[in-house]
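Chains as they are written, first to last, in the numbering used here: chain A, 1 to 246; chain B, 247 to 519.
Keep in mind that the hints were calculated from the coordinates and are not lab data.
No experiment lies behind these values; they were computed from the predicted model shown.
Glycine included, C-beta positions come from ideal geometry on N, C-alpha and C.
Everything hinted at is true.
Label pairs and their in silico Cβ distance ranges: (1) A/50 / B/488: 36 to 44 Å; (2) A/19 / B/473: 31 to 39 Å; (3) B/502 / A/232: 31 to 39 Å.
The lines below spell out each chain.
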Amino acid sequence: MTAQTISELAGEVGAGIRIAVTEAPTDVLGTLTVALDRLRPFPAARLLGVNGTDLADVPTEVCELDALVTRRRIERDTLRLHQDVRALAADGALVHRAGLVWTAAATGSAPSARQLAVADIGSVDWGNRLAERLERDDRFASSVSTFDGSIGIVSGEEQVRFRIYRGRIIETARKSLDGATFDLTADERTWVELLLGEYDDYVRFAAKGRFRILGSGFQYLRMTRTVRLMVENCRAMVRENDADQR
Amino acid sequence: MRTSAEYIEIDGRFGFVEQAGEGEHVIFCVHTAGQHGFQWRAARDRLAQLGYRVVVVDLPGHGRSDPAEHGPVSDLGWYADWCLTVIDRISLDRPYLLGCSIGGKIVLDMAVKASARLSGVVSMAAYGQRGGRGRSARPWGLEDASSPSNRDRSYYGYSALTGRSVPAEQTELLALMHCREDWHVTVSDQSGWSRHDIWDELGTIACPVRLVVGEDDFGVPATRVEQTAARIPGARWEVVPGIGHFPMQEMPDFGDHAHAWFQAMCPAVLADR
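Let the sequences and hints guide you as you build the complete structure.
So, in structure tokens, the structure goes:
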């Protein structure tokens with residue numbers, strides 16, 4: 001495999017592609033295999049695995065694949081990409097879903113600031129950047145001035161928890177010692193669409209069940225404004241970096 | 247413009263009714279869950295300018311009306327009966343009905359019960375089936391101790407229910423007005439919304455009906471509105487682009503749109519306004 005610099009690699013988080021399905025394989029794996037070269041984020045990407053599908057028969061009405069890069073992580077010299085693939089019927093209804101994991105060698109320059117805001121949502125590094133921003137937001141401090149607990153953000157398999165006491169985040173870590181007061185949980189695609197979308201659709205997504213609250217539902221309701229400010233700041237990190245790059 | 251307001255006594259309780267305009271044709275307006283006649287302020291004035299007599303009620307427990315005798319109401323059919331009583335009390339002759347959300351369901355209910363007394367119905371952000379999870383509010387849902395941050399939840403929730411095309415300051419005003427609600431009344435109204443079911447009676451409606459739903463109203467699936475229209479003889483329905491759950495507060499030219507809807511129901515009577 002040819003090593004490429006990170007900045008040369010396509011497939012940033014939020015990169016999407018829609019592929020018409022013209023063949024009629026009998027299962028999801030077959031459909032993905034047929035479309036694999038078109039799903040591949042960049043030529044050097046190697047398929048590492050397929051997650052999150054039961055490989056059931058593909059309903060005959062599947063006519064389109066909708067793929068979105070949802071995570072981009074660099075560990076040592078290896079780039080790892082997650083791609084969420086939805087199989088859609090003619091009317092846009094979701095009939096099946098799979099997650100692809102791609103890998104490639106990666107060396108060179110660091111990702112853009114904008115990518116850092118969405119590349120690895122739910123990781124501790126990402127959480128530290130969010131915590132720094134929240135620390136500067138007086139509205140957030142006010143909203144948690146009487147809170148003593150931990151709020152988690154969970155994106156797919158990644159989670160980060162913010163330990164909060166008397167208006168301040170006192171620790172950002174993968175786990176808090178006494179567990180989360182509540183975790184704000186969604187799949188990677190939901191987080192990416194929420195952060196990159198033109199509108200702040202948190203309420204709409206929540207109403208459609210795209211977010212799950214694990215832990216204390218009462219505290220989640222109580223901290224409504226805090227949650228909204230956290231989402232607002234997540235989205236602002238992206239837009240702030242957009243502005244920096246102009 | 248001449249406007250008037252009065253309290254009407256029904257079953258020992260006072261209901262607030264305001265009116266504008268002096269036209270021959272009457273439009274009777276019913277607000278959304280937890281809200282009151284304020285929602286129709288701009289629409290009321292424009293429709294009165296267009297020559298209608300506009301009647302706006304505050305449902306019992308809302309705005310300036312007394313609470314209902316037995317507390318917050320979770321039966322939209324009860325509200326429909328109350329509205330029909332108001333129509334009788336102030337001697338309205340075959341009014342047009344205009345309602346939104348629970349108001350939209352209430353005017354459909356009124357049409358089921360009294361089509362012959364109506365000239366037509368515009369039902370917005372509503373349908374004839376059960377809504378949501380189709381269940382009553384659970385008892386703990388009406389306890390302060392189990393339902394915190396109602397103001398924040400109202401603010402953010404109703405902001406999100408507003409359409410993409412609506413200016414931010416209008417969305418802000420709309421959300422702030424919802425923050426004033428007695429949330430026991432609102433939750434009871436929403437419970438009524440969920441339980442209300444006139445699906446089997448829709449076919450008996452014998453007056454003209456138009457159903458309207460905002461494109462951005464994620465609380466009211468257009469498919470349900472379409473299904474409802476299909477069950478009402480001659481009913482029309484439409485989706486309004488860029489608008490959410492409150493067309494009368496979101497559409498800057500709402501009064502003119504409503505006029506067109508009523509005119510389509512009865513072009514000979516309402517022409518040339």
